[in-house]
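Undergrad: For reference, the chains in residue letters:
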Amino acid sequence: MLVNNRQSTLVGLSITGSFQRDTSLLFSDIAFELKQGCWTCLLGPSGVGKSTLLRLLAGLSTGGQFNGRIQTNPEFITADQNDIQMTNDVADVISYMAQTDLLFPWLDVRQNIMLGHRLRHEKNSTLYYKQTVDRLIDQVGLGAHEHKRPHQLSGGMRQRVALARTLMEDQPIVLLDEPFSALDARTRDDMQSLAFDVLKDKTVLLVTHDPAEAIRLAHHLFVMTHDGIHNHQTPENLPPRQVEDPKTLAAQAELLRVLKS
Amino acid sequence: MRSDIPISKQKINGRDLAVSVLIILIGWQLVVWVTEVPRYILPGPLAVAEALVKYADLLAMHAWVTAIEVVGGLILGTLLGITTAMYLTMSATATRYMMPILVISQTVPVFALAPILTLWFGYGLGSKIAMTILIIYFPVASSFLDGLRATPKGFLDLAQSMRATRFNTLIHVRLPAALPSLSSGIRLATVYAPIGAIIGEWVGASQGLGYLMLLANGRVKIDLMFAALVTLCIFTLLLRAITNALCNRLDHWAGQSH
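Taken in sequence, the protein lines are chains B and C. Residue numbering for the first sequence follows the working numbering, starting at 1 and increasing by one per position. Residue numbering for the second sequence follows the working numbering, starting at 1001 and increasing by one per position.
For the record, the hints were derived by calculation from the structure and aren't laboratory data. Careful: at least some of the hints might be erroneous.
[Claimed, not checked] Straight-line C-alpha distance at most 20 Å; calculated EDC-like pairs for lysine to aspartate or glutamate:
hint : chain 1 : residue 1 : chain 2 : residue 2
1    : B       : K148      : B       : D108
2    : C       : K1011     : C       : D1157
3    : B       : K200      : B       : E169
4    : B       : K130      : B       : E169
5    : C       : K1153     : B       : E33
6    : B       : K148      : C       : D1004
[Said to hold, decoys possible] Ranges between beta-carbon positions, derived for each pair:
hint : chain 1 : residue 1 : chain 2 : residue 2 : range
7    : C       : L1102     : B       : E122      : 46 to 54 Å
8    : C       : K1011     : B       : L127      : 24 to 32 Å
9    : C       : F1167     : B       : L127      : 40 to 48 Å
10   : B       : S18       : C       : R1249     : 50 to 58 Å
11   : B       : L256      : C       : P1152     : 32 to 40 Å
12   : B       : Q131      : C       : F1167     : 25 to 33 Å
13   : B       : R21       : C       : R1163     : 20 to 28 Å
Even glycine gets a Cβ: it sits at the ideal position worked out from N, Cα and C.
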């Protein structure tokens, strides 16, 4: 029963190479890939370069030099120059959600969700478009709040808006940079379930420093340390796993042991 | 007075203002009565009030001219400041070559330029509006530019990940995020603008409250001079109230005041 190898023949995205900032090597010879339609978690302590890796994939500035290649399915993009130019094409199939909700205070919930179209000056008056926004607002449970401004919302609600905004981009690959870490425990649990549900058709990379979150959500799990990236076995059952399930707890304990060693 | 709001944004409570003004007026009148200072040195508030009524038409006529100069200069200077800040945000080359000039230009005492402006733009509205623009241009441009450059990094990352062009990022991210900075620049400009207009009028004019003050001074009509001063104060207060209301709306729209 190889549930973790669901659709393993299809590679969503892979990255190999090393990254240098100033004179110090942040990581070298890393290689890992995202399986299409799966959640891949990248777990590691702060300062190890997880976020840099994610920014690299998203085509954002990293203040350093990346030597290697990033490849998406089906296109194949190779380059060794400036990391921003290199990942531009990859960035076209990626949407990105950060640790903070990054809601624009001058836009209401609905407008924040439609931000991408506003920023690209895309036509947004079609019925299909309106229905998509309505559906997303319903999905994240913000039907009664669509005309509120961000400051009128709780932290959990704000992160729901950010999730809907990410989904509105409708990209096959979604990068999540510790999006639940600033939430309280109960809200985090709700958000994890919600995110897993609404992102089920996407190829997801979740960067986190929370072993419980990683074990709960990952199809595939990689542990990132200063020595590199290592694959870590996840429990056999499919995510999202029950937090109180003994198998989940055992896997968490095992993961903590690995992190400490 | 709320301690969590900066002085420049304080709302003026009408009752408190009335009380403090009344105390000042009573004190002033007492000084005049007790010291028996001659009317051509310091007229009492009653004499000034008398002059305000007596010269009401004259004061209104000159106040109207000054108001046009101040408001005209304020609007044009603000637009010029906004344009400069946005242009500098878009172009790194422009920033590189214009920034030093902008900074050095602030070492020129703007008042010293008033005679030149009068020479170039004449005795009419033009030279006063130019003076007002010169005085408020830098505060508006620099505070808006600071705002445009201080956009939260996360907002810019988000815009980039959504493949926004530089121009769209400026219009839809940097600009709205910088509106609170612009409104503090405009608040500052509102305080400076009447200074520009009055200086302009002092150097050479045939109309306006500044001109009227010089005229009254020359003819030792000190009560009229004070009446013109009071009119100017009332006008400035009104202008401050109006721009404050507009700026508050701007801040509210930008999501900065709740």
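Undergrad: Quick one, are K200/B and E169/B close enough, alpha carbons at most 20 Å?
TA: Holds, because 15 Å separates the two Cα atoms, which is no more than 20 Å.
Undergrad: Taking 20 Å as the top limit, are the C-alpha atoms of K148/B and D108/B close enough?
TA: holds, 5 Å
Undergrad: Quick check on a hinted range of 20 to 28 Å for R21/B and R1163/C, using CB atoms only.
TA: The hint (20 to 28 Å, Cβ to Cβ) holds, given that R21/B and R1163/C are roughly 25 Å apart.
Undergrad: Just to be sure I understand the hint, the distance between the Cβ atoms of L1102/C and E122/B should be within 46 to 54 Å; is that true here?
TA: violated, 37 Å
Undergrad: Run the distance test for K148/B versus D1004/C: straight-line Cα separation, threshold 20 Å.
TA: Distance ~25 Å between K148/B and D1004/C Cα, so the pair is violated.
Undergrad: Quickly compare the C-alpha distance for K1153/C and E33/B to 20 Å and report which way the hint goes.
TA: violated, 28 Å
Undergrad: Given the hinted pair K130/B and E169/B, is their Cα-Cα distance within 20 Å?
TA: Roughly 14 Å between the alpha carbons, so the hint for K130/B and E169/B holds.
Undergrad: Is the gap between the beta carbons of S18/B and R1249/C within 50 to 58 Å?
TA: Roughly 52 Å apart at Cβ, these two residues keep to the hinted range, so it holds.
Undergrad: Confirm or reject the claim that L256/B and P1152/C have a C-beta distance inside 32 to 40 Å.
TA: Once the Cβ atoms are compared, 35 Å apart, the range 32 to 40 Å for P1152/C and L256/B holds.
Undergrad: With respect to the beta-carbon atoms only, verify the hint that F1167/C and L127/B lie 40 to 48 Å apart.
TA: Since the Cβ atoms of F1167/C and L127/B sit about 29 Å apart, the hinted range of 40 to 48 Å is violated.
Undergrad: State, for the Cβ atoms of Q131/B and F1167/C, whether the hinted interval 25 to 33 Å holds or is violated.
TA: Between Q131/B and F1167/C, where Cβ atoms are some 30 Å apart, the hint holds.
Undergrad: Given the hint that K1011/C pairs with D1157/C, test it: the Cα-Cα distance must not exceed 20 Å.
TA: Given that 20 Å is the threshold and the Cα spacing comes to 37 Å, the pair is violated.
Of the numbered hints given earlier, the model fails hints 2, 5, 6, 7, 8 and 9; all others are met.
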